[in-house]
Every structure is written in C-alpha cells, then in structure tokens.
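Chemist: These are the residues of each chain, in order.
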Amino acid sequence: MCVVACAEIFRGDGEIYANPTVGTIPLIGARLARATFAPDLLLSDGEAMLVANTLPVGHVPDQRLIEGWLPYRLSFDVVWGGRRHVVMGASQISRYGDTNISCIGPWERPSAQLLGCRGAPGNTVNDKTSYWVPRHSRRVFVEEVDFVSGVGPRRARQAGGLLCAYNQIRFVVTNLCTFDFHGPDGAARVRSLHPGVTVEEVVASTGFAIAGLDVEVPTSRAPTEAEMRLIEEIDPRGLRYREVPD
Amino acid sequence: MRDKRTTETEVVAELRDGMTIGIGGWGSRRKPMSVVRAILRSPVRDLTVVSWGGPDVGLLCAAGKVRKVVYAFVTLDSVPLEPHFRLARQQGRVEAMELDEGMFYWGLYAAALRLPFLPIRSGLASDVMRVNPGLRTVRSPYEDGEELVAVPALPLDLAVVHMNRADRRGNAQFLGPDPYFDDLFLKAARRRFVSCERIVKTEELLNEGCVHTLLINRMLVDGVIEAPRGAHFTSCVPDYPRDEAFQARYAASASSPEAWDEFRRAYLEGSEADYQRAVSAA
Numbered sequence: 001m002c003v004v005a006c007a008e009i010f011r012g013d014g015e016i017y018a019n020p021t022v023g024t025i026p027l028i029g030a031r032l033a034r035a036t037f038a039p040d041l042l043l044s045d046g047e048a049m050l051v052a053n054t055l056p057v058g059h060v061p062d063q064r065l066i067e068g069w070l071p072y073r074l075s076f077d078v079v080w081g082g083r084r085h086v087v088m089g090a091s092q093i094s095r096y097g098d099t100n101i102s103c104i105g106p107w108e109r110p111s112a113q114l115l116g117c118r119g120a121p122g123n124t125v126n127d128k129t130s131y132w133v134p135r136h137s138r139r140v141f142v143e144e145v146d147f148v149s150g151v152g153p154r155r156a157r158q159a160g161g162l163l164c165a166y167n168q169i170r171f172v173v174t175n176l177c178t179f180d181f182h183g184p185d186g187a188a189r190v191r192s193l194h195p196g197v198t199v200e201e202v203v204a205s206t207g208f209a210i211a212g213l214d215v216e217v218p219t220s221r222a223p224t225e226a227e228m229r230l231i232e233e234i235d236p237r238g239l240r241y242r243e244v245p246d
Numbered sequence: 001m002r003d004k005r006t007t008e009t010e011v012v013a014e015l016r017d018g019m020t021i022g023i024g025g026w027g028s029r030r031k032p033m034s035v036v037r038a039i040l041r042s043p044v045r046d047l048t049v050v051s052w053g054g055p056d057v058g059l060l061c062a063a064g065k066v067r068k069v070v071y072a073f074v075t076l077d078s079v080p081l082e083p084h085f086r087l088a089r090q091q092g093r094v095e096a097m098e099l100d101e102g103m104f105y106w107g108l109y110a111a112a113l114r115l116p117f118l119p120i121r122s123g124l125a126s127d128v129m130r131v132n133p134g135l136r137t138v139r140s141p142y143e144d145g146e147e148l149v150a151v152p153a154l155p156l157d158l159a160v161v162h163m164n165r166a167d168r169r170g171n172a173q174f175l176g177p178d179p180y181f182d183d184l185f186l187k188a189a190r191r192r193f194v195s196c197e198r199i200v201k202t203e204e205l206l207n208e209g210c211v212h213t214l215l216i217n218r219m220l221v222d223g224v225i226e227a228p229r230g231a232h233f234t235s236c237v238p239d240y241p242r243d244e245a246f247q248a249r250y251a252a253s254a255s256s257p258e259a260w261d262e263f264r265r266a267y268l269e270g271s272e273a274d275y276q277r278a279v280s281a282a
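If you're matching them up, the sequences are chains B and G in order.
Quick note on numbering: the first sequence equals residues 1 to 246 in my numbering.
Quick note on numbering: the second sequence equals residues 1 to 282 in my numbering.
Incorrect hints may appear among the rest.
Stated by the list, open to error - Short, incomplete list of chain G residues facing chain B, as computed with Cβ under 10 angstroms:
1) L87
2) S122
3) D127
4) E147
5) P177
6) D178
7) P179
8) F181
9) P228
10) F246
11) Q276
Unchecked claim - Just the calculated beta-carbon pair ranges, DEER-fashion:
12) E143/G x R64/B: 41 to 47 angstroms
13) Q158/B x V79/G: 33 to 39 angstroms
14) E233/B x L175/G: 44 to 50 angstroms
FYI, nobody ran anything at the bench for these hints, they're computed from the structure.
Where is the CB? At the ideal position from N, CA and C, for every residue including glycine.
Just chain G, with the same shape it has in the complex:
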C-alpha cells in the first residue's frame, strides 16, 4: 500500500515558474488555502491559475505570483467582488482568459478526457468570443449544421483540491453539500494533490458520509496533505463555516499598499502553524 502523505512545502517544491495550476473549490468555498499560502511563501512566479475564482486568486495576484488567470468569475461570495483580483486587473498586472462557466467546465472536462476540445453553444454572440480571439468554432457534421464553440482543453501541470477527509492512499471525501468540480481538476492535471481536514483509516471513510461522498479515488491522487483548517478562511462545511470576520479583514487589506503590507506581515510571512496561531489569536 502506497502511503502518499506529503506536505504543502513538498508540493510547492514541484512548482516551476510559468506553470499552469488548477485550484479546486468554488468562490470562497473549500479552497486549498494552506497550499495557496505555501505558494505565497515560495519564490515561484508567473503562474497561470485556473480556478472557480475566490481568495486563492486574489492572494496569488496580490503577492505577484500570477501571470495569467483563467476564470469565469472571481468572488468572495459574501463579498461579491474579489478586491485583490480587481486591483490586479485594473492595474494591468495580470493577463486574463475570461470564459463562460460552462466553457470553463467543458475545458477542464476535455482535458480530463484527453480531448482537444468539446463543443458548446455557450459563449456564442457574447464578448467572450471577442476577448478570446484564439477561440474557434466548429460546425456540426450532422444535418442540423449548427455552429458551436470548440472549447479548448485546459490541461494543468498541477492541481490541488481541499476535501473534508482522505485516507493516506488518496481516497478522498467531501462532506458538504456540493462536490464542485474538484475531481475534474485532478483528472485534468499531470501532478495531483489533495489536502484534507483529517486523514482517516480507509475503513473509517464511511463513518461520516455515505458512499456517494467518495468523490475522489486514489488513482487520481499523487499526494495527500493533512491540513486541519487548511481551507480557512473559506468555508469547509460541515467542519467549519467561512470565517466572515477574517474574510472582511482580508478584503479590507486591498484598500492600500500599506494595508496589504500589514495583512501580509501579520498572517502570511510565517509558517502555516504561525498563520493558524495568528488567526485564532485574532
């Protein structure tokens, strides 16, 4: 039995400048934030970040780690607009590939299935086609002859998702209401990592959720990180809800370079343990 336990530091050590990474979760929900924080501490840069964007995107942009964001939206949910992402876009600090949500989904799915593209109606006649001049259309070869967008596959060099439970072999479980698209990120990636609230024995996986919550099996996973409160400050129900007060503090840190500096010094310069200590003291 392979023991795939690893750490944030080891995962981030695999990153190279210019890589394309996929980050699981959705908005400010179940984001692998401990890994994002480890990226912030690393020297890596010029990343292309593929994400149902939340504070993962905002933090990486604020820290200057990002060359390009591939997104359909970036939001903090309870704070509708992600302030650090907004700044980065408005200051022209990051490139952007803005897609319709369905196109984004289809791009990951195409990569997962090793297809060059998947056809979709969504995006046609909208400005998504204007701002992505590389997008091509295809015509149905059947009688209908409908023109559709050929959404290109979005293959990832590395993907990381955060789950509620996993075993040390990489079988992983969500206990909240929605799996989001976390398995697709792993299926679309060359190197694949799961962080989780708690590593349990395989025979314990069904103690807290039914068999349908076992979204991710070990053939999709190269490494498992045990990261209690690793999704903080995003929600990771039922283990914990979003830390709204802390998220508000994070959002306010976009108000000036000084505010960001202060936030960064208070929370992001030390280790993950330092972060968790600072948060519980706050």
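Same shape as in the complex, but just chain B:
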C-alpha cells in the first residue's frame, strides 16, 4: 500500500533523477514507478552509479546494469539544475511544510542532536522534494519545527523570487495517508487515506489541524495485481514489512 503511494510520488516526473534517500519503501516505490508508469526515471544504486535495470532491495550479488555515473559532487548540478525529485525523511514536519532533521531543542545546545541539516536547505529551494514518514505521530507532525532544515512552501513564498518558484514540496507519504501542501496559505492537506485508515486516526496522530478532512477523503489506490508481482520481485525478502508492518 505504502509502496504504491511512494511510487505515485514520481508520476509525471519524466526523465529526471528519482532519489529516495531514506527508508526501504520509497526505494521500492521508485523502482516500481519506473518499472510501470514512469519508465524514463533515472535511479541510482544508492551510491554513485545510475542503474538501468530493476534491482531487488537489500544485499544481492551485483546485478547492476550501469548506465551512468553520478558521484556526490555531480548530484549538486542535478539538484540545482532542477532535474531531481528527492524523497527525504524528517524528524519533524510543520503544518506549513517546514521540516527538521537537524536537532531537537535549541540548536545552541540541543536535547537531541540529529543528523544535521544535510542538503535539505538546498534541496527544498532548488528542486522537487517529497517526504516519507513510516510512523505518523504527533512527535513528527508538529505546529512548529525546532530547526528549519527543509524550507516549506509558506516560508518560500515569503522569501519570494526564484527560490519560491523552485520550492516544490510535492507530497508527504506516511503509514496512514498522503498529504500535500495545497491547503489554505500552503498548509498541509490530506490527499488520500490509506485503506482502513480513519479520519479520526489521522487527526489523533497529527499535532496540527489538517485541511481536507471536512470533505469526503479519497482512499489511496491499492496496488494492481501486476504491481503486487513487481513488488514481490523487488522486495522478495519482505524488507518493507520491517518499516511498516502489514
């Protein structure tokens, strides 16, 4: 279910670099998207090689069909040139799409040091960004983030200019639902609930009021039989269930 929701992130992206940087499910999703409705996507092996074939996730003997080389340094050209759609993780996401992977508490002396902002500030003001949250909770979805690593649509609009034009926060896929930021003033809005998930569940697990719940919320689409077969091929060992139990 979540795999297909993650695959949908890349629908219509064309011939660009699809770059899931976090988690197993977005990785399966990107590979599924390319194997079905988004055949022109470019995908990496998680390091510096672009790989043309559909690889299974996890450690496997080298079956890569290498079609290109994209070391870290060249990835900046891709991002700043607007040819990537990244899927990042986030420890906190605010109502207006600001995200935090840097630290919890005051930055000067955090109560919990996290990864550091990595490329999030640059990713979010240059190119398409989506997020994957395997455990939807009030700890993650907060009114305000402690540190703005990733720039949300409202902040980008306030800054204006090209930064705003290039700020494209597309989707947040969680284990419960898919969001976007097309609510009032760029606020989070529910696009679809995964099958079996109730509005009450999402409300109870989100630390701010979400738009889009006052109308009938669509149900996220289920994988087709062909997609189910592909998901099994891409993840034969069921690593996806370690991230989100079935």
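Given chain B, put chain G in place with the hints provided.
Modeler: Just chain G, lined up with the frame of chain B:
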C-alpha cells in the same frame, strides 16, 4: 624527483592548538583514520574540524580535541547518527557551524579558488541563516537582482585524505565508486597530506584503475603516508568494506564514560600497529 613519503606522527607534529583541519572522505567512507588516531595520541587541542562528518568527528570530539565542528551532517552511514558527536553537542562541549551540503561544498571550492565567497541559493529561508549570523547575502548585479547567500571560503591550515593508491611523489588514486571531495580539501589547504592503502610506482598507477581515477596530482600534495587499512573501520572499497561489527562496538562506546574508557584503552592508547593488531585479534 621528490620523495614525499612521511608518517602519521610527522604530519601530526605540524599541528598546533587552534588550527583548522580538513578531513577527507564522506560519512563512514574512506576516512584517513590512521591520521585521526595519531591526532588522538597527540597533545594538540582546540581544533576546528571541517568534514563530511563521520567517525573522524566523533572520535576527535570524544577525545576532547575539538573546539568547533564545521559540518552539514555527521553520520556513520549504517548507524545514522554519530553517537559521540551527538554527546558532544548535547553536552555543549563543541561549537558548531552547521551548513547546507551545497554551502559546505561551495566554501571548500571558494577556498580552493582563492575567492572570498561563492554565491548560492541554498540556505536561504532556512535556519542555517539563523544559526550562522555571520553569513551574508549578495544581490545579483544583473537584471534578475536575485538575492543569494555569499558562502564564505573555508580555508584550511592542513588537510588529510585517504586514497587507495599513491606514488611517492603524491599522485593519488581512488578505486571506489566516488571521489567524494578529497581533491577540494587539498586545494583549500596550506599543508596537504594523502594517506593511502599502498604506495606504488608511478608506472603502476594505471594497473588497477583507468586514468579518470587519478583524482589527485602531486602539485596538491606535501606528503604521502603508506597506511594499509588506514581507513579502518570506515569503508575503503575495493580494498575492504566498512567493518560493521567494529563500528557497532565504537558506537556502543558512547553509551557511558566507562564504555568509552574501555574502548579507548583497548584500541587507541598504543601505536597504529597496536591498533591494527588489536582489531585483527578482536
């Protein structure tokens, strides 16, 4: 022909308290760990460490060598958060300059090109601007008039990187998938050192990799250290992968002062040869 072979000890002898050092590699990949270990054994302190942070940053923080870390992230890759760096930050033991990855890259590049700054869009509207009040912006002098961050150059007093092969003159080669930014560290530094898995003859450099793997040439290098398994426990493919079991032990040593003490005594108090012996016995 200059023979630039040197040792970890000689390189570390050049360090002075308060210096800014750049450390190559990325996360827990191809880090010049034998040189980091030599710094741990030295009396030097108050370093500013510029790094795509991995266990180099964690170890130096744990050993009290660091005044300030300049970073975009610090990670052990397979262990996402670097535990010793976390402790140092949470206990307020180190200063921090946290940058976006692109800004970090641009800062090294500006230093390499002897420019005062390079313009970038990244960082604007994020808290990187809030926590680095010294950062300035510039406005494009052309019709667009866009406001951009002026990333200041990050010049280094000394840089050290670890490569797979080098010759004794300082030509150096990576054989893994990614050069990272190792040449930029050397270009941004006043004193520049390469450690490598094996020193080979110049005519042997192309035996194991094509010409495009010769990332570093000798005009960028003041000294070459032959350090077999010198990147341990970080990865140095194709010579060896990351030692995950040992890295897990290192990560666990952040659980208490006693655990760190035990790790330090077991692995870090003797020479590099002692370290390698202890690791292979472990």
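Chemist: Taking the hints in turn, state whether each one holds.
Modeler: For each hint, the structure was consulted:
{"no.": "1", "hint": "L87", "result": "8 angstroms, holds"}
{"no.": "2", "hint": "S122", "result": "3 angstroms, holds"}
{"no.": "3", "hint": "D127", "result": "4 angstroms, holds"}
{"no.": "4", "hint": "E147", "result": "7 angstroms, holds"}
{"no.": "5", "hint": "P177", "result": "4 angstroms, holds"}
{"no.": "6", "hint": "D178", "result": "4 angstroms, holds"}
{"no.": "7", "hint": "P179", "result": "6 angstroms, holds"}
{"no.": "8", "hint": "F181", "result": "6 angstroms, holds"}
{"no.": "9", "hint": "P228", "result": "24 angstroms, violated"}
{"no.": "10", "hint": "F246", "result": "19 angstroms, violated"}
{"no.": "11", "hint": "Q276", "result": "27 angstroms, violated"}
{"no.": "12", "hint": "E143/G x R64/B: 41 to 47 angstroms", "result": "46 angstroms, holds"}
{"no.": "13", "hint": "Q158/B x V79/G: 33 to 39 angstroms", "result": "37 angstroms, holds"}
{"no.": "14", "hint": "E233/B x L175/G: 44 to 50 angstroms", "result": "32 angstroms, violated"}
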